[in-house]
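Sequences listed follow chains A and B, in order. Quick note on numbering: the first sequence equals residues 113 to 224 in our numbering. Quick note on numbering: the second sequence equals residues 4 to 120 in our numbering.
There may be inaccurate statements among the hints.
Just the calculated beta-carbon pair ranges, DEER-fashion [unchecked claim]: (1) B:Gln60 with A:His122: 37 to 45 Å; (2) A:Thr127 with B:Asn70: 44 to 52 Å; (3) B:Asn65 with A:Asp209: 35 to 43 Å; (4) B:Asn65 with A:Val200: 36 to 44 Å; (5) A:Arg210 with B:Arg115: 24 to 32 Å; (6) B:Lys58 with A:Thr198: 38 to 46 Å.
From the derived model, a few chain B residues whose C-beta atoms are all more than 10 Å from chain A [what the hints assert, rightly or not]: (7) Thr23; (8) Glu55; (9) Phe71; (10) Ala74; (11) Ala90; (12) Gly111.
Treat the hints as calculated values from the structure; they're not laboratory data. By construction, the Cβ of each residue, glycine as well, lies at the ideal position given by its N, Cα and C atoms.
Each chain, written out:
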Amino acid sequence: DAGITQSPRHKVTETGTPVTLRCHQTENHRYMYWYRQDPGHGLRLIHYSYGVKDTDKGEVSDGYSVSRSKTEDFLLTLESATSSQTSVYFCAISARDRPAVLFGPGTRLTVT
Amino acid sequence: AQTVTQSQPEMSVQEAETVTLSCTYDTSESDYYLFWYKQPPSRQMILVIRQEAYKQQNATENRFSVNFQKAAKSFSLKISDSQLGDAAMYFCAYRSVGTSGTYKYIFGTGTRLKVLA
Numbered sequence: 113d114a115g116i117t118q119s120p121r122h123k124v125t126e127t128g129t130p131v132t133l134r135c136h137q138t139e140n141h142r143y144m145y146w147y148r149q150d151p152g153h154g155l156r157l158i159h160y161s162y163g164v165k166d167t168d169k170g171e172v173s174d175g176y177s178v179s180r181s182k183t184e185d186f187l188l189t190l191e192s193a194t195s196s197q198t199s200v201y202f203c204a205i206s207a208r209d210r211p212a213v214l215f216g217p218g219t220r221l222t223v224t
Numbered sequence: 004a005q006t007v008t009q010s011q012p013e014m015s016v017q018e019a020e021t022v023t024l025s026c027t028y029d030t031s032e033s034d035y036y037l038f039w040y041k042q043p044p045s046r047q048m049i050l051v052i053r054q055e056a057y058k059q060q061n062a063t064e065n066r067f068s069v070n071f072q073k074a075a076k077s078f079s080l081k082i083s084d085s086q087l088g089d090a091a092m093y094f095c096a097y098r099s100v101g102t103s104g105t106y107k108y109i110f111g112t113g114t115r116l117k118v119l120a
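With the rest of the complex left out, here is chain A (with noise of 0.2 Å):
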């Protein structure tokens, strides 16, 4: 969807390196999130935020940071980066009004 980006799109990263994923969203929707996607688990929340400044953990928060300084912009961070993070990162949006959650693309995050 055009109105959700995800950079990077791939990226391959060391053990014990930090990561920053960044979501970006033109739609001026209220709510964001992180979700990870690993065969045989679908997708599981790691973060949300329903504000500016207001995030809440998911199922699966160890490891993970979030932070929204803006209503367009929610980022993920990786503190120390390790295999077990490997996988596919998506960003969702949704709004009130709108109640399906809408995808960005993607980041296939690879660690070595």
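Place chain B on chain A using the hints.
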């Protein structure tokens, strides 16, 4: 906590035939939304259909329809006249209302649909 279960990791269907993908969920909420998303090899997540829990009528979108059984907490997706382009991973999802009116989306583990020519 709400959960979503897709018990069929993989399904196959002959082109032009009909297939049904199963989804069950667990919740104590009375009002919620349910969705089916499609993920083709391109990896893009695409909304297929949505259902509002307070609506009795099952949602339909062209060849896609749902069988929503609220009491049984079941939400299956029927694809009629299957096409090669329907081959994808399908995810069932539930939108819950959390504290402070926040929304969270919970996904099942997915069903991979193969369409045979």
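Hint by hint, here is what the structure shows:
| no. | hint | in the structure |
| --- | --- | --- |
| 1 | B:Gln60 with A:His122: 37 to 45 Å | 43 Å, holds |
| 2 | A:Thr127 with B:Asn70: 44 to 52 Å | 46 Å, holds |
| 3 | B:Asn65 with A:Asp209: 35 to 43 Å | 24 Å, violated |
| 4 | B:Asn65 with A:Val200: 36 to 44 Å | 28 Å, violated |
| 5 | A:Arg210 with B:Arg115: 24 to 32 Å | 28 Å, holds |
| 6 | B:Lys58 with A:Thr198: 38 to 46 Å | 41 Å, holds |
| 7 | Thr23 | 19 Å, holds |
| 8 | Glu55 | 8 Å, violated |
| 9 | Phe71 | 15 Å, holds |
| 10 | Ala74 | 22 Å, holds |
| 11 | Ala90 | 17 Å, holds |
| 12 | Gly111 | 6 Å, violated |
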